[in-house]
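Q: Whole structure, please, built from the sequences with the hints as guidance.
Residue numbers (this note's numbering), protein chains in the order written: chain E, 116 to 230; chain P, 66 to 179.
Calculated directly from the structure, the hints in this document are not laboratory data.
Beta carbons: idealized from backbone N, C-alpha and C, even for Gly.
One or more hints might be untrue.
Covered, in the sense of this in silico footprint (three residues per stretch, anywhere, with C-beta under 8 Å from a C-beta of chain P), are these stretches of chain E [stated by the list, open to error]:
1. 156-170
2. 219-227
Here are the computed lysine to aspartate or glutamate pairs in the EDC-like style, where the Cα-Cα straight-line distance is at most 16 Å [said to hold, decoys possible]:
3. E:Lys-126 x E:Glu-200
4. P:Lys-166 x E:Glu-218
5. P:Lys-166 x E:Asp-139
6. P:Lys-142 x P:Glu-80
7. P:Lys-121 x P:Glu-81
8. P:Lys-166 x E:Asp-171
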Amino acid sequence: GAGVSQSPSNKVTEKGKDVELRCDPISGHTALYWYRQSLGQGLEFLIYFQGNSAPDKSGLPSDRFSAERTGGSVSTLTIQRTQQEDSAVYLCASSSSGGLRTEAFFGQGTRLTVV
Amino acid sequence: GNSVTQMEGPVTLSEEAFLTINCTYTATGYPSLFWYVQYPGEGLQLLLKATKADDKGSNKGFEATYRKETTSFHLEKGSVQVSDSAVYFCALTLPNTGFQKLVFGTGTRLLVSP
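A: What follows is the structure in C-alpha cells.
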C-alpha cells in the first residue's frame, strides 16, 4: 500500500478482554516496529521485527503483550486481559531495513480505550 | 539511561513569528537525533535528522543543529505558518542497538494563529 495501515483506528474494550491490533506495513519493508503513545509515558518502543530474525521484544511492558508477524508482512499486536493502564495509541512503523539511516514511516495508530 | 527532554507546550505563536522548541538528551554513546512531526489526524512523519556532532538537519524551513557540548538539538524556524501547527517530537537512536529503536521526548504542541 501507499503507507502503513493500521486497524482498527479506534477500539473500546472492557477490562479483562483480549484485543488484537493489526498493522500492514509498506510493501517491501522488511523492518516493522510497534510503539505505544500514552499520556503518562509518552512514546515508548514495544517490539521490532526484521525479516525472519527473532524479534526484539525488549520494550513489551508485560507478558500480557505479544506480537507476531506473518510472512514477513502483516503484524498483529495482542494484548491479553486488558487493563485500564493499557489505554493508549498504538503506533506501527516500517522501514526498508532496520538500519540506522533508514527512515521509519508511521501509521496513524490505533486508539485503545479500556473501560 | 537514555532519554530526551523537551519543553512543555503548548507553544502559541502568531504567523511569521520565530520558533524555538528546546530539546536536550541524555545518552550513553553517540546518538543520532531526530525531529518528528504529527499533524492533526495524521501519523508521525520524520521532519529532519542529524547523525553526528555539529551536523545541521533541515527541512521545510525548520533547522536543528546537533550540539554535543550542550547535548541539545533545538528546533528552529524563522517564520512559522498556520500550517505548522502540530505536535513536534524530539527523538534519538543509539548505534549500539543495531536498529532504529527510537527514544522519544514527550512532544511539544505548536499552535500558530493567523
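Q: It remains to establish, for every hint, whether it holds in the given structure.
A: Here is how each hint holds up against the structure:
1. Look at the stretch 156-170 of chain E against chain P: 6 of its residues bring a Cβ nearer than 8 Å to a Cβ of that chain, three or more, so the hint holds.
2. Counting residues of the stretch 219-227 of chain E whose C-beta sits closer than 8 Å to any C-beta of chain P gives 6, which meets the bar of three, so the coverage hint holds.
3. A distance of roughly 14 Å separates the Cα atoms of Lys-126 of chain E and Glu-200 of chain E; the hinted pair therefore holds under the 16 Å criterion.
4. The suggested pairing of Lys-166 of chain P with Glu-218 of chain E holds, with an alpha-carbon distance near 12 Å, which does not exceed 16 Å.
5. Distance restraint check for Lys-166 of chain P and Asp-139 of chain E: the Cα-Cα separation of roughly 19 Å exceeds the 16 Å cut-off, and the hinted pair is therefore not satisfied.
6. With a C-alpha separation of about 11 Å, the suggested pairing of Lys-142 of chain P with Glu-80 of chain P holds against the 16 Å cut-off.
7. A threshold of 16 Å between alpha carbons decides the hint, and for Lys-121 of chain P with Glu-81 of chain P the separation of about 22 Å lies outside it, so the pair is violated.
8. Our distance criterion of 16 Å between C-alpha atoms is met by Lys-166 of chain P and Asp-171 of chain E, whose separation comes to about 10 Å.
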